[in-house]
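Order-wise, the sequence lines are chains A and B. Following the numbering used here, the residues of the first sequence are numbered contiguously, the last one being 431. Following the numbering used here, the residues of the second sequence are numbered contiguously, the last one being 431.
Any given hint could turn out to be false.
Note: identical chains are not told apart, hence a pair may lie in one copy or across any two.
[As the list claims (entries may be wrong)] 20 angstroms max Cα-Cα, derived SDA-like pairs, lysine to any residue: (1) Lys397 x Ala71; (2) Lys397 x Asn166; (3) Lys397 x Phe431; (4) Lys366 x Arg264; (5) Lys397 x Ala159; (6) Lys412 x Ala360; (7) Lys366 x Leu97; (8) Lys412 x Arg374.
No lab work stands behind these hints, which were simulated from the structure alone.
Number of protein chains: 2
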Amino acid sequence: MEFFTVVPPDDARARFFEQFGALAGSERLATEAALDRVTAREVAAPHALPAFSRTTMDGYAVRAVDTFGASAALPAYLKVVGEVPMGEQARVAIGQGHAAIVHTGGMIPPGADAVVILEHTQPAGDREIEVLRPVAAGENVLNVGEDIRASSIVLPAGHRLRAQDLGGLLALGITEIDVARRPRVAIFATGDEVVPPSASPRPGQIRDINSYTLAAQTARAGGLPILHGILPDAFDTLVSRTRAALAEADMLVLSAGSSVSVRDMTARVFDSLGTPGVLVHGVAVKPGHPTILGVAGGCPLLGLPGNPVSAMIIYELFGVPALFRLQGASVPRGAVAWARLTKNIASESGREDYVAARITQRDGELFAEPVFGKSNLIFTLVNADGVVKVPLNSNGLEAGTLVEVRFF
Amino acid sequence: MEFFTVVPPDDARARFFEQFGALAGSERLATEAALDRVTAREVAAPHALPAFSRTTMDGYAVRAVDTFGASAALPAYLKVVGEVPMGEQARVAIGQGHAAIVHTGGMIPPGADAVVILEHTQPAGDREIEVLRPVAAGENVLNVGEDIRASSIVLPAGHRLRAQDLGGLLALGITEIDVARRPRVAIFATGDEVVPPSASPRPGQIRDINSYTLAAQTARAGGLPILHGILPDAFDTLVSRTRAALAEADMLVLSAGSSVSVRDMTARVFDSLGTPGVLVHGVAVKPGHPTILGVAGGCPLLGLPGNPVSAMIIYELFGVPALFRLQGASVPRGAVAWARLTKNIASESGREDYVAARITQRDGELFAEPVFGKSNLIFTLVNADGVVKVPLNSNGLEAGTLVEVRFF
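Using the sequences plus the hints, can you model the full thing?
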């Protein structure tokens, strides 16, 4: 029996996302320092790439027409009129019956339209070669603009930059780029029983770990975690401290105990922070149903269960997508594996379940072994490689089913 | 026709890996700063977790035996002898017929062995409750050591730390951890035609991008990239500069032109750096067959093709696994998707092919659309979501085949 109306996870996310969007403002970075950051606007090519025609092979730049019909039996004879040094403009022009030595990556001299590779030629006296096979126009040549045309859009807005994207930008001489700000996330742990990890807990006390697991998840998703430590379960303190934190943050995360009175207090705190306040109080998901989602003045607010497994899973389901939304990007695909379940997983229709699983390999096949454990046990996730989702309208998954394990 | 003996990729990696192992030495970090770092040694639990018995629900701590046979028709009557405040040691003891109010996460008082949830009770006069259902011993209770037992190994050596691992360590009060050093990777670009990204290339010149794509891949894999800039294709300079760099690095990466003379020079440079020198010269892979792998004094040496797509793919196949090996870890699983090929991919048996692919979604199904392009074109990878591998002993993949796309 719950004292709130639970909402299916997808509906909860939709209600949540309706109330906030990408952060205003961007930041200019050196392109080489922008890995994993999100483009703030689309980027156009200032010039074509390559900017000059290049050979993709070692050989001779020629006019293709001069090689037509060439064979080992009846080679074409071409006069070697020069060589194109690497990194320099071609100073030799190719006329009828001419060839110039070129090295992979070098410039195609004017007049030439193809490259005969070295292996299809042989020397024939002084400054002459035999061409043993014909080449077509454009063969072994990279034309101007073949990689990217001038002024074309090379990256859209909202694109998370990967290694090759940095490469593409630098190839075009784009050494600075405007990226979305990293969302600042104010993280609070609450609970009269919670002490810092460096403390020696007395009987009845436990160490705060949610602040650190959520900070790590935040950093992975491009956010800037700001740890505000531990607050007591006291309404006035919670309101004043979270309000002050929110003034300097873009998102607020509070992990709280799961007793009913504490949950209700979190909801009242969120409502006090601004409009629309609490949007969802209770999600049809296990673990983590006592989740609270809200928004105040465009800032997402997340009230997570205090137990560490629920907190991490709920943050992955709602907090991480919120962080990418604040950056104007979609959630990048994570590591997954398809594996065969080794045991039945029981569930209830109307609820999405996330069950920790360990991946094992036997005879080249992957198996997903559920790590059952109370959701309070952080070592359930430490001992797991990922989680298996049991869909909303399912009564469970049978052993032997092929399931997608999301690495976690 | 190649002037070297090509080796299948798996054999090449095996020869390479035979000659180096994990780096000596480790580094002590604050646990909260150790995300994605690799444990240098196994970690044992200094104490049990939880360290005291806790309730997982709001309700009453009781002796299970006192509730046996209880029902709505015939409730068990228990005397409420106190309440356990959150974060404090339980100061009340539970005798026969007693109950104490407990809140989720609170300590189980001595004498109690189960918790009746609030919803299965109702008040019955002053300081008395009716219990409407029986509980079994241990129900709604988290016992001492149920998460982790004292002295048990919580993490092995060589484990890459995730958010939950940091949480597990901090829950045990382990606020510092010994992790493998980040391998220092000396990165060189070579080529008389190569200029820095900030330069305006003259005709015949191109901008260096490999230094930056390889640096990004290095950082992702836990390495510390050290960019040494661009060297001319001159043997003596290459030898002296790489030797000096290697004295302060754990791995050396050189991307060089693909002309035969340049490749041979790279091989001679590697041989001059120490023993065993060059191990593999040519790998049966496309793109990237002119790859050179070597080791000098325990340091991996990689000679990559100069063209940016080959350089990135070869670094992912050999450099990234080498970086994890230097850290004593295996390569973590990356993001993948199973998708249906939209076009045939031609290949040759005896060669592993990596083809860039874009993922599209239609009617809930994923499709992998090959992005064909000369391996010189960085925008082939910019426009792709990942790569599809065509296995060594295959003549290609047919349209409609379900393939694994590795996100890249």
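Review point. Which of the numbered hints above does this structure break?
Key: Structure breaks hints 4 and 7.
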